[in-house]
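K.L.:
Just so you know, the protein sequences line up as chains G and B, in that order.
First residue of the first sequence? That's 1 in the working numbering, and the numbers climb one at a time after it.
First residue of the second sequence? That's 82 in the working numbering, and the numbers climb one at a time after it.
Take these hints with a grain of salt, some might be off.
[As the list claims (entries may be wrong)] Okay, the calculated bits of chain B under chain G, using three or more residues with CB under 8 Å as the criterion: (1) 133–146; (2) 168–181; (3) 186–200; (4) 226–235.
[What the hints assert, rightly or not] No farther apart than 30 Å at their CA atoms in a straight line, the calculated lysine-lysine pairs in the DSBU-like style are these: (5) B:Lys158 x G:Lys61; (6) G:Lys11 x B:Lys211; (7) G:Lys3 x G:Lys81; (8) G:Lys3 x G:Lys61; (9) B:Lys221 x B:Lys211; (10) B:Lys158 x B:Lys211; (11) G:Lys11 x B:Lys221; (12) G:Lys81 x G:Lys41; (13) B:Lys215 x B:Lys266; (14) G:Lys41 x B:Lys221.
Read the hints as simulated data drawn from the structure, not as lab findings.
Ideal Cβ positions, reconstructed from N, Cα and C, are used throughout, including at glycine.
As a plain string of letters, each chain reads:
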Amino acid sequence: MAKIVVDVMLKPEILDPQGNAVASALPRLGFNFAKSVRQGKRFEIEIEGEPTAAQIAEVEKAAEVLLSNPVIENFVVRVEK
Amino acid sequence: MRVGVITFPGTLDDRDAARAVVVGGAEAVSLWHGDADLKSVDAVVLPGGFSYGDYLRCGAISRFAPVMQLVIEAANKGMPVLGICNGFQVLCESHLLPGALTRNSDLHFLCRDQVIEVVNNQTAWTNSFKQGEKIVIPLKNGEGSFQCDDQTLAMLEGEGRVIARYLGENPNGSRNLIAGISNAKGNVIGLMPHPEHAINELTGPSAQGLGFFTSILNAMVK
Numbered sequence: 001m002a003k004i005v006v007d008v009m010l011k012p013e014i015l016d017p018q019g020n021a022v023a024s025a026l027p028r029l030g031f032n033f034a035k036s037v038r039q040g041k042r043f044e045i046e047i048e049g050e051p052t053a054a055q056i057a058e059v060e061k062a063a064e065v066l067l068s069n070p071v072i073e074n075f076v077v078r079v080e081k
Numbered sequence: 082m083r084v085g086v087i088t089f090p091g092t093l094d095d096r097d098a099a100r101a102v103v104v105g106g107a108e109a110v111s112l113w114h115g116d117a118d119l120k121s122v123d124a125v126v127l128p129g130g131f132s133y134g135d136y137l138r139c140g141a142i143s144r145f146a147p148v149m150q151l152v153i154e155a156a157n158k159g160m161p162v163l164g165i166c167n168g169f170q171v172l173c174e175s176h177l178l179p180g181a182l183t184r185n186s187d188l189h190f191l192c193r194d195q196v197i198e199v200v201n202n203q204t205a206w207t208n209s210f211k212q213g214e215k216i217v218i219p220l221k222n223g224e225g226s227f228q229c230d231d232q233t234l235a236m237l238e239g240e241g242r243v244i245a246r247y248l249g250e251n252p253n254g255s256r257n258l259i260a261g262i263s264n265a266k267g268n269v270i271g272l273m274p275h276p277e278h279a280i281n282e283l284t285g286p287s288a289q290g291l292g293f294f295t296s297i298l299n300a301m302v303k
């Protein structure tokens, strides 16, 4: 069994109020390392056996059609060992 | 004239939208998200709410509902479609309208009476208003911040496709104070505030929302 991971992030130019709220909460708790925070989504998709190039292409397609909104988000597909 | 009002699982405002259609002078026809038939309606309203629990993104799953395939096809042929709030989000996810609605800039769910200006009264859903008319209708949303790239924004502004703007302070971070837009033909409208809750002064801040529902009759009679 393998796991295909899709990370979806708002495009850099899109305002991320949730990330900003996290960034401003961190120093209140004494964590002073963050210059900025962006919040995204992670999808973990399990498949039987090792993924083929065709399966990964299919996941890429699904990421474009459903998992992300290309108007405001970018995504990255990778296989996790 | 028959105006369909779609109910998805999680839709809230379908009853008010149907009532507004009737008070506006048309017949309201209930459409279910799983319907594979538009029941010979002349126009469609996508009401507000939290269709499919807003899972994934607001409107992202509703877009693939069986009834939406028919709405997309009919809208591309010119059928008038009004998406209010969650309906606006569904229309953006369906690519019937450009841009996207994102989390309110201050993260708060808003619920208040909002002054908006009708800046294009030449559409199927706004022709009852005077150009530049200021109206007060409820605004209630968590993800109502209209976002798009600079090129799309210039296109919307240049082609007169911004149909309504918020007046006063920007309530949710929408670019150019955009409260509503249309598609290129002007038959598909997305509107974040709720005209269907403002058709009677007894229960709403005004009766000015009714103009959207009388407009569609004018558009059909012409």
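K.L.:
Look at each hint and say if it fits the structure.
P.N.:
Here is what the structure says about each hint:
| no. | hint | verdict |
| --- | --- | --- |
| 1 | 133–146 | holds (count 4) |
| 2 | 168–181 | holds (count 5) |
| 3 | 186–200 | holds (count 3) |
| 4 | 226–235 | holds (count 4) |
| 5 | B:Lys158 x G:Lys61 | holds (27 Å) |
| 6 | G:Lys11 x B:Lys211 | violated (38 Å) |
| 7 | G:Lys3 x G:Lys81 | holds (7 Å) |
| 8 | G:Lys3 x G:Lys61 | holds (17 Å) |
| 9 | B:Lys221 x B:Lys211 | holds (24 Å) |
| 10 | B:Lys158 x B:Lys211 | holds (27 Å) |
| 11 | G:Lys11 x B:Lys221 | holds (26 Å) |
| 12 | G:Lys81 x G:Lys41 | holds (20 Å) |
| 13 | B:Lys215 x B:Lys266 | holds (24 Å) |
| 14 | G:Lys41 x B:Lys221 | holds (25 Å) |
Taken one by one, the earlier hints fail for this structure only at number 6.
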